[in-house]
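> Read off the chains here:
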Amino acid sequence: MRHWIWLLVVGFAGHWLRAEDYLSIEAAQAQFFGSDCQFQVTSIPEEKALSKAIKKQAGVALHAERIRAWKALRDGKCVGWVFEDNVIGKHEFITYAVAVAVSGEVLDVAILSYRETHGGEIMRPEWLAQFKGKTVDQPFKIDVDIDGISGATLSVRNVSDGVKKLLVLTQMELQDEQNR
Amino acid sequence: MRRFLFLIGVFASLSLFAGEDLFGHLKLAEPLPKGAWELYQIVANRSDKGTGTYEAYNYEWEVEYGVTNRFTLSGGLAGQGLDTSGLLVDGYLPGDNEYSFKLSGAELKMAYNFLAPAKDGVGLSMFLGVEKTWLDPHSGFDKDSLSLSTGVNLQKYFLEGQLIWAGSIGVESTKATRGELEGLPEDFEWPTFAEVELEWTGRTGLSYRFVPKWFVSLEAEFQQEYETEVNLERESLFMGPSVHYGGKKFWLTLSYLGQVRGSGETYEGQPDGYHLIEKTKREIILKVGFNF
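Same order as they appear, the protein sequences are chains A and B.
Going by my numbering, the first residue of the first sequence is number 1, and it counts up by one from there.
Going by my numbering, the first residue of the second sequence is number 1, and it counts up by one from there.
Hints were generated in silico from the structure; no laboratory data involved.
There's no promise every hint is true.
With a straight-line cut-off of 20 angstroms between C-alpha atoms, the simulated EDC-like cross-links for lysine to aspartate or glutamate are [claimed, not checked]:
id : chain 1 : residue 1 : chain 2 : residue 2
1  : A       : K141      : B       : E199
2  : B       : K156      : A       : D21
3  : A       : K141      : B       : E131
4  : B       : K119      : A       : D21
5  : B       : K34       : A       : E121
6  : B       : K34       : A       : E105
7  : A       : K71       : A       : E126
8  : B       : K132      : B       : E199
9  : B       : K156      : A       : E92
10 : B       : K213      : A       : D147
11 : B       : K175      : B       : E98
12 : B       : K249      : B       : E62
13 : A       : K52       : B       : E160
14 : B       : K213      : A       : E92
15 : B       : K102      : B       : D120
16 : A       : K134      : A       : E84
17 : B       : K34       : A       : D147
18 : B       : K102      : B       : D142
19 : A       : K71       : A       : E105
20 : A       : K55       : B       : E131
21 : B       : K281      : B       : E229
22 : B       : K249      : A       : D36
23 : B       : K119      : A       : D36
The model shown is predicted, which means the values in this text are computed figures rather than measured ones.
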């Protein structure tokens, strides 16, 4: 019995490191569009039909409850959208932000919170830069048009799928609304 | 001295770190990234052979290193403690034995990853291992063994990674020679010539992340061992749940595996439907590790 107690005591004593948040959504918004923009909260419909349609095109379902969205306004004119999304990592959710242009292409991506053991490279600007300019027509597949990161393939896949999902959402819901 | 060695083992392993397992025995197919180190400790309690008293503790300390993004090397030490009394099994358990800890063996393993589960749809790794032991894990007495093992680990993600299926199949060949024992009961069989055994194991399991960092799993293990003289020496099916906590720097897995059914060689007076000579009715496994 003593053996088990030793392991538990020493084990829990090691739990000193906490999840790390690297960037706030406000900082990401300013990084994406500049400090002269205003950000207006935009609601994401929690409709099963929409989620199904997005899954058909993007390959992953829309979990609206994990997403927050803002319309970026400069001098009252929409210049794009910012999304904050949470996707499944190996242990915890990965929180990331995406800026999408009015044309529907990715302007930028930032990791807000990453808590996994391996794969810290996912936060590097040079890795994230590969998303810039991508549109819904691109595959978003590891080793096809997305660079893999060893030890973090699940994180890379889910973030990549997530970005594509948000582009599809933009195309299906937000661009139409903007054009109306 | 034995207690000292045990404590050194515990602290050495826990101050470094560990590979992350969601199950008691079943391994995942994901490799370590290049340059990553992991170290882990396993403590397994095996108990209940149907009659008498039987309780064994097995310890493993293993360090793994990612040589490349696909090739992982690992090495480890094993130890054991045992308390058995009132149990005599001809050819296997020659009498009472009790000690808290002895080093029992060393192991070297390598694994090569062919497919990554998140990238290729299904993960596939092949492993190869060699193990040298000098204590019998069943009786606790001297027994020199050399084992070679090989097999494959499979893994697939569902629900964006929230649900994980894993499976493995492997074979192990062992050449073993028991040490001489004095004071054996009359007519007790205790062969000291070299024996060769062949064992194969199939495992499968599902693990579900029910909240961030916490997984609950269920695994099954089917194992058969063949030996020249008796052909099928033993067969067993174990099943049981695990709960796993995994953080960025610390993880823990607690598993219970119960023998659902077993057959093969039996000893007189044992309960029906189990193999209880080389196996017990239950195993409790605790794995702890820290990433560094």
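> Does each hint hold? Answer for all of them.
For each hint, the structure was consulted:
{"no.": "1", "hint": "K141(A) <-> E199(B)", "result": "violated, 40 angstroms"}
{"no.": "2", "hint": "K156(B) <-> D21(A)", "result": "violated, 29 angstroms"}
{"no.": "3", "hint": "K141(A) <-> E131(B)", "result": "violated, 40 angstroms"}
{"no.": "4", "hint": "K119(B) <-> D21(A)", "result": "violated, 26 angstroms"}
{"no.": "5", "hint": "K34(B) <-> E121(A)", "result": "holds, 13 angstroms"}
{"no.": "6", "hint": "K34(B) <-> E105(A)", "result": "violated, 34 angstroms"}
{"no.": "7", "hint": "K71(A) <-> E126(A)", "result": "violated, 26 angstroms"}
{"no.": "8", "hint": "K132(B) <-> E199(B)", "result": "holds, 16 angstroms"}
{"no.": "9", "hint": "K156(B) <-> E92(A)", "result": "holds, 18 angstroms"}
{"no.": "10", "hint": "K213(B) <-> D147(A)", "result": "violated, 26 angstroms"}
{"no.": "11", "hint": "K175(B) <-> E98(B)", "result": "violated, 25 angstroms"}
{"no.": "12", "hint": "K249(B) <-> E62(B)", "result": "holds, 17 angstroms"}
{"no.": "13", "hint": "K52(A) <-> E160(B)", "result": "holds, 15 angstroms"}
{"no.": "14", "hint": "K213(B) <-> E92(A)", "result": "holds, 6 angstroms"}
{"no.": "15", "hint": "K102(B) <-> D120(B)", "result": "violated, 44 angstroms"}
{"no.": "16", "hint": "K134(A) <-> E84(A)", "result": "holds, 18 angstroms"}
{"no.": "17", "hint": "K34(B) <-> D147(A)", "result": "holds, 16 angstroms"}
{"no.": "18", "hint": "K102(B) <-> D142(B)", "result": "holds, 11 angstroms"}
{"no.": "19", "hint": "K71(A) <-> E105(A)", "result": "holds, 15 angstroms"}
{"no.": "20", "hint": "K55(A) <-> E131(B)", "result": "violated, 48 angstroms"}
{"no.": "21", "hint": "K281(B) <-> E229(B)", "result": "violated, 25 angstroms"}
{"no.": "22", "hint": "K249(B) <-> D36(A)", "result": "violated, 40 angstroms"}
{"no.": "23", "hint": "K119(B) <-> D36(A)", "result": "violated, 40 angstroms"}
Hint compliance for this structure: hints 1, 2, 3, 4, 6, 7, 10, 11, 15, 20, 21, 22, 23 are broken, all remaining hints hold.
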